[in-house]
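If you read the sequences in order, they're chains A and B.
Following this note's numbering, the numbering of the first sequence begins with 1 at its first residue and continues without gaps.
Following this note's numbering, the numbering of the second sequence begins with 1 at its first residue and continues without gaps.
Simulated from the structure, these hints should not be mistaken for laboratory data.
A hint or two may mislead.
Claimed, not checked - Label-pair restraints from in silico Cβ distances:
{"id": "1", "chain 1": "A", "residue 1": "R127", "chain 2": "B", "residue 2": "A50", "range": "40 to 48 Å"}
{"id": "2", "chain 1": "A", "residue 1": "N131", "chain 2": "B", "residue 2": "V134", "range": "20 to 28 Å"}
{"id": "3", "chain 1": "B", "residue 1": "G88", "chain 2": "A", "residue 2": "N131", "range": "44 to 52 Å"}
{"id": "4", "chain 1": "A", "residue 1": "A126", "chain 2": "B", "residue 2": "A50", "range": "42 to 50 Å"}
{"id": "5", "chain 1": "A", "residue 1": "F166", "chain 2": "B", "residue 2": "R120", "range": "48 to 56 Å"}
{"id": "6", "chain 1": "A", "residue 1": "V151", "chain 2": "B", "residue 2": "R52", "range": "20 to 28 Å"}
{"id": "7", "chain 1": "B", "residue 1": "G121", "chain 2": "A", "residue 2": "D165", "range": "53 to 61 Å"}
{"id": "8", "chain 1": "B", "residue 1": "G88", "chain 2": "A", "residue 2": "W144", "range": "35 to 43 Å"}
{"id": "9", "chain 1": "B", "residue 1": "G88", "chain 2": "A", "residue 2": "V151", "range": "32 to 40 Å"}
{"id": "10", "chain 1": "A", "residue 1": "G134", "chain 2": "B", "residue 2": "V43", "range": "37 to 45 Å"}
{"id": "11", "chain 1": "A", "residue 1": "I145", "chain 2": "B", "residue 2": "L71", "range": "13 to 21 Å"}
{"id": "12", "chain 1": "A", "residue 1": "V151", "chain 2": "B", "residue 2": "L36", "range": "23 to 31 Å"}
Said to hold, decoys possible - Facing chain B, from chain A, some residues (calculated, C-beta under 8 Å):
{"id": "13", "residue": "P86"}
{"id": "14", "residue": "K87"}
{"id": "15", "residue": "L90"}
{"id": "16", "residue": "W93"}
{"id": "17", "residue": "I99"}
{"id": "18", "residue": "V100"}
{"id": "19", "residue": "V103"}
{"id": "20", "residue": "G105"}
{"id": "21", "residue": "C106"}
{"id": "22", "residue": "V151"}
{"id": "23", "residue": "T153"}
{"id": "24", "residue": "F157"}
As the list claims (entries may be wrong) - Okay, the calculated bits of chain B under chain A, using three or more residues with CB under 8 Å as the criterion:
{"id": "25", "region": "62–69"}
{"id": "26", "region": "113–122"}
{"id": "27", "region": "125–136"}
{"id": "28", "region": "139–147"}
None of the values given here were measured: they were computed from a predicted structure.
The C-beta atom is built at its ideal place from N, Cα and C for all residues, glycine as well.
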Amino acid sequence: MSTPNEPQNPYGSGDPQQPQDPSGAPQYPAAPPPYSQGPAEPPAYPGAGAPQYPGAASPQYPSATPYGSAPGGYAQPGPGYGAAYPKNSLAIWSLVLGIVSFVLGCGLFTGIPAIIVGNNAKKAVARGEANNGGMATAGVILGWIAIVLSVLTIILFAILFANADFRDAFNEGYNTNY
Amino acid sequence: MTTVDDGQQPQPTGPLLPDAPASDGAGRRASLTAPLVTGGVVVLATVLLAVRDPHVPHSYGGCPLYVLTGLWCPACGGLRATHDLAQGDLAGAWSMNPLWVLAVPVVLVLWGRWVSRAARGRRAGPAPVWGAWVLLVAVVGFGVLRNVPAFAPWLAP
Numbered sequence: 001m002s003t004p005n006e007p008q009n010p011y012g013s014g015d016p017q018q019p020q021d022p023s024g025a026p027q028y029p030a031a032p033p034p035y036s037q038g039p040a041e042p043p044a045y046p047g048a049g050a051p052q053y054p055g056a057a058s059p060q061y062p063s064a065t066p067y068g069s070a071p072g073g074y075a076q077p078g079p080g081y082g083a084a085y086p087k088n089s090l091a092i093w094s095l096v097l098g099i100v101s102f103v104l105g106c107g108l109f110t111g112i113p114a115i116i117v118g119n120n121a122k123k124a125v126a127r128g129e130a131n132n133g134g135m136a137t138a139g140v141i142l143g144w145i146a147i148v149l150s151v152l153t154i155i156l157f158a159i160l161f162a163n164a165d166f167r168d169a170f171n172e173g174y175n176t177n178y
Numbered sequence: 001m002t003t004v005d006d007g008q009q010p011q012p013t014g015p016l017l018p019d020a021p022a023s024d025g026a027g028r029r030a031s032l033t034a035p036l037v038t039g040g041v042v043v044l045a046t047v048l049l050a051v052r053d054p055h056v057p058h059s060y061g062g063c064p065l066y067v068l069t070g071l072w073c074p075a076c077g078g079l080r081a082t083h084d085l086a087q088g089d090l091a092g093a094w095s096m097n098p099l100w101v102l103a104v105p106v107v108l109v110l111w112g113r114w115v116s117r118a119a120r121g122r123r124a125g126p127a128p129v130w131g132a133w134v135l136l137v138a139v140v141g142f143g144v145l146r147n148v149p150a151f152a153p154w155l156a157p
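Based on the sequences and whatever the hints tell you, model everything.
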């Protein structure tokens, strides 16, 4: 919209921001600092700050232009502009793995990943990169329950199979060498 | 040998692969150790399954769900399918656990991507959310359908 105006912009000579845009744009996607600054700046900014800038800046650079033209205080909510909580998928994975471990006969093999991913999701929540900590807790709890049930089942099987009568009854109809 | 449930062994690699690299939030440089160790363990398990036939009843224990309820869980037949695949018997593997046969190529591709990314020192981003939903729907749906008598001839082990 304003792109064709940029080359012939009468204010361009007096505007110090324009030359900075091309050089400033590539820095932000690659720079990790915005992520570490996330907790310092509450996530209320992305929603509030986003609508203000497009009017003042070229829509061609929806994520880059605001940083170049904005005062320093507004540059920090940048990571929230595209995706407010980029690590929310971790908790969803944790919950899904926890549920799947109950569908499977032996939940050890998805219960353990559910706990690992869920704990990482909680760390992401602590860093301000995710906001679904409850879902992560659910995934971790489901994973632990699945592990406990699996271990109890294995112990139960081991005890039962040590009993010759049970083993014979269990193998009834089967021809097994084991 | 162990009381590991029949069909559980292959399952973990599916969800594990996309998660393991994604779960590390720190900016540490990825190394090849994790994917190569994972691959080695899977290869060893596959060789064991190829040599020691899981078609023999209770050779690897039994599925707790099947023993307790008589229902087939989504992973039932997974060990037998892996054995058949390792022997080159695609039809036999398909008759044991079609979902696992479909999942094996996906797992291999994900593992290959994991290795190639780690070789370049890159970490995978968070696994996409739609992958989690696909996994949930596939596993739960398959577990339900293979216990429906109408579908059992095709889906049950």
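Do the beta carbons of G88/B and V151/A sit within 32 to 40 Å of each other? holds, 36 Å
When you take the CB atoms of V151/A and R52/B, is the distance between them in 20 to 28 Å? holds, 24 Å
Have a go at the L90/A hint: is there a Cβ in chain B nearer than 8 Å to its own Cβ? Check passed: Cβ of L90/A comes within 6 Å of chain B, closer than 8 Å.
Examine the region 139–147 of chain B for residues whose CB is less than 8 Å from any CB of chain A, and state whether their number is three or more. holds (count 3)
Just to be sure I understand the hint, the distance between the Cβ atoms of V151/A and L36/B should be within 23 to 31 Å; is that true here? Taking Cβ atoms as reference, V151/A and L36/B lie about 29 Å apart, which means the hint holds.
Regarding G88/B and W144/A, is the given constraint of 35 to 43 Å on their beta-carbon distance met? Check passed, 40 Å falls within 35 to 43 Å.
For the region 62–69 of chain B, count the residues whose Cβ lies under 8 Å from any Cβ of chain A; is that count three or more? Since 6 is at least three, the answer is holds.
Outcome of range test on Cβ distance (N131/A, V134/B; 20 to 28 Å): holds, 23 Å
Consistency of beta-carbon spacing, A50/B to R127/A, with hint 40 to 48 Å: holds, 44 Å
Take the shortest C-beta to C-beta distance between I99/A and chain B; is it under 8 Å? Interface hint status for I99/A: holds (6 Å vs cutoff 8 Å).
Distance restraint hint 13 to 21 Å, applied to the beta-carbon atoms of I145/A and L71/B: holds, 19 Å
If you check the beta carbons of A126/A and A50/B, does the distance land in 42 to 50 Å? Given range 42 to 50 Å: holds, Cβ gap about 45 Å.
Violated hints, listed in ascending order, are 22 and 26; each of the other numbered hints is respected by the structure.
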